[in-house]
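Peer 1: Listed below, chain by chain, are the residues.
Protein chains: 2
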Amino acid sequence: MDPRIREHAEIIADHSVDLEEGDDVVVDAHPVAEDLVVALHEVIGERGANPITMTQRTGKRQQRAYLRASDGEFETPEHELALIEATDVYIAIRASDNVTQTADVDPEISAAYQQAHHPILEERLSKRWCLTQFPAPANAQLAEMSTEAYEEFVWDAVNKDWEAQRDHQANMVEILDPADEVRIVSGDTTDVTMSVDGNPTRNDHGEHNLPGGEVFTAPVPDSVEGEVLFDMPLYHQGREITDVFLEFEDGEVVEHSAAKNEDVLTEVLETDEGARRLGELGIGMNRAIDQFTYNMLFDEKMGDTVHMAVGRAYDDTVGEDNEQNESAVHVDMIVDMSEDSFIEVDGEVVQRDGTFRFEG
Amino acid sequence: MDPRIREHAEIIADHSVDLEEGDDVVVDAHPVAEDLVVALHEVIGERGANPITMTQRTGKRQQRAYLRASDGEFETPEHELALIEATDVYIAIRASDNVTQTADVDPEISAAYQQAHHPILEERLSKRWCLTQFPAPANAQLAEMSTEAYEEFVWDAVNKDWEAQRDHQANMVEILDPADEVRIVSGDTTDVTMSVDGNPTRNDHGEHNLPGGEVFTAPVPDSVEGEVLFDMPLYHQGREITDVFLEFEDGEVVEHSAAKNEDVLTEVLETDEGARRLGELGIGMNRAIDQFTYNMLFDEKMGDTVHMAVGRAYDDTVGEDNEQNESAVHVDMIVDMSEDSFIEVDGEVVQRDGTFRFEG
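Chains as they are written, first to last, in the numbering used here: chain A, 1 to 360; chain B, 1 to 360.
It should be emphasised that the hints constitute simulated quantities derived from the structure, not laboratory data. Please note: incorrect hints may appear among the correct ones.
Identical copies look the same in the list; a pair holds intra-copy or inter-copy alike.
[Claimed, not checked] Using 25 Å as the maximum straight-line C-alpha spacing, the simulated SDA-like pairs for lysine to any residue come out as follows:
#, residue 1, residue 2
1, K127, L81
2, K127, I52
3, K127, A179
4, K260, T242
5, K60, A179
6, K60, E46
7, K60, D332
8, K127, G319
9, K60, P3
10, K60, R47
11, K260, Y235
12, K260, T147
13, K127, V254
14, K60, D35
15, K60, P137
Construct the complete structure from the given sequences, taking the supplied hints into account.
Peer 2: Structural data, given as structure tokens:
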């Protein structure tokens with residue numbers, strides 16, 4: 001077996017979920033990730049923990065068959081809830097043999113299924129958990145890469161010295177956490193300011209997300225002013241949206257457009273009130289992620305990028321006295337900051353053309 | 001998809017586990033059985049039930065990695081127990097990509113693992129459950145058949161008129177159920193007697209086992225006397241054991257040997273006290289199973305065979321006033337009855353050289 005797989009398994013166990021003797025563990029993985037599942041079982045065995053492996057979230061072909069056969073009435077499955085309630089650790093391994101496997105499932109049926117499974121999601125998020133990626137051929141295809149090149153890309157991003165990465169990112173947390181105003185400028189298409197006053201900044205160094213590699217916080221909902229052109233494409237419900245343009249006044253999107261699939265963008269923004277406001281500002285700092293692969297788990301951590309999400313703000317990024325943006329959606333969008341760009345915090349430039357002030 | 005797979009899925013749901021709306025269902029299957037898992041999800045969706053698919057018992061490569069890495073100290077995993085306690089239906093689909101996947105696992109470690117998982121097994125057996133087979137290439141290889149011929153063999157044995165099969169087998173139940181003493185004689189190597197007095201005889205017509213096709217009961221534990229040469233080989237934990245010979249006194253194995261892998265047999269018999277006593281006597285009656293395929297799920301139902309299991313007796317084969325043999329194991333072994341053999345019940349021959357008295 002490729003030694004990088006064993007290394008990946010050890011990072012999941014020791015760094016991301018802090019696996020301990022006696023832990024009950026659920027692994028959710030598509031069969032194409034079998035090598036990583038096997039390596040993980042080896043590590044779990046060594047640590048004296050107890051694994052269960054399922055294909056519940058990742059087995060999309062069976063899920064498609066189930067959802068297409070269903071009448072759309074779902075209840076929360078008690079057995080799955082009981083399993084997650086009783087587990088200590090939950091590890092989801094993304095990997096697919098066809099990333100468009102659920103393209104012919106009615107989105108309304110999918111939404112009803114997700115709604116019924118929401119208590120299970122909530123339960124999962126209350127455990128030690130980790131979401132990671134195995135470099136399967138279909139995922140390489142989505143990234144428009146050879147399988148071998150994609151393997152290298154994934155394991156370079158995942159199998160890192162995460163202590164060093166955390167320390168590197170701490171420089172940016174130190175700047176952003178006590179800050180008031182942030183300004184993002186890129187070319188003549190993006191110039192946006194927002195307050196992050198009182199909202200904590202988080203250091204994502206490969207725990208819940210593997211790879212990690214961003215620092216992120218929530219904007220104060222009403223404070224966002226200006227224009228952003230998200231020049232990196234995004235995939236939403238199986239469709240690619242390109243060149244998303246948003247104009248903000250008093251925190252709200254007042255103008256929007258997209259070069260491709262503008263109607264999908266419009267749908268997102270019309271979901272609810274919170275969908276027209278920002279719920280996240282993130283700064284990508286994982287330099288091993290040096291190209292766009294149509295996979296938000298990687299794309300949002302890319303070096304030389306910032307991302308903003310319309311919709312829901314994460315609980316742990318909102319200060320006690322601040323308003324939390326609420327929404328049924330959370331859609332991340334990315335701005336390339338590698339050229340003719342800068343990030344200003346309280347009037348001082350902290351990053352120019354992708355290079356941070358603290359990088360010398 | 002092969003229409004026989006959809007038929008197989010419908011028989012599991014409608015005949016074997018009597019699937020109902022709202023049922024919570026656990027499916028345990030190796031990925032090579034994906035087509036059947038998908039067909040089953042379609043049926044589960046149509047019936048309005050809730051599936052979880054796992055690779056817990058069938059994912060032998062990951063299990064091997066886990067067991068080899070472990071120190072052999074196991075506890076009963078609470079999360080798996082919680083899952084099974086909360087489920088209504090449990091379906092295990094046997095299929096493999098390498099039937100000798102666990103050949104290099106220490107049998108002592110395997111036994112300790114099974115011991116710790118015993119409460120989960122007990123819980124599974126208290127549910128509506130079914131064990132079936134998908135005709136994967138590695139299983140065809142074990143049977144020394146082409147994949148296509150093996151598919152035909154499996155689906156001929158599984159996709160049957162189970163009502164007709166039940167009626168045929170009822171003839172043998174009528175003889176065995178009220179009986180006291182059973183004697184099995186084959187050549188000059190097998191001559192064993194046992195009491196089944198007070199123990200109910202069961203008609204296996206494709207419910208817990210699919211294929212079904214046997215009638216079975218439990219011997220009274222202390223009553224077994226004589227010698228048996230099990231002349232059909234068996235696979236246990238990935239290893240072939242041939243020519244198992246057991247000698248019984250007062251129900252207990254006092255001598256044992258095997259031509260191949262005797263140590264594996266010894267390990268089984270030393271699991272616990274009950275592992276040295278019989279827990280089952282069964283008579284194979286599925287004539288679609290006309291050849292030996294090294295797979296107990298089929299072999300034990302073959303026409304012209306009887307089988308006995310050391311270890312645990314099934315609850316529903318033990319009369320209220322009789323002792324139930326308890327053990328962490330249940331290992332079936334087969335005697336060929338097609339030549340120079342007979343079954344005697346209370347002194348009367350009911351089968352000679354494979355032909356039953358009632359078949360005229």
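Peer 1: If you test the structure against every hint from before, which numbers come out violated?
Peer 2: 3, 5, 12 and 13
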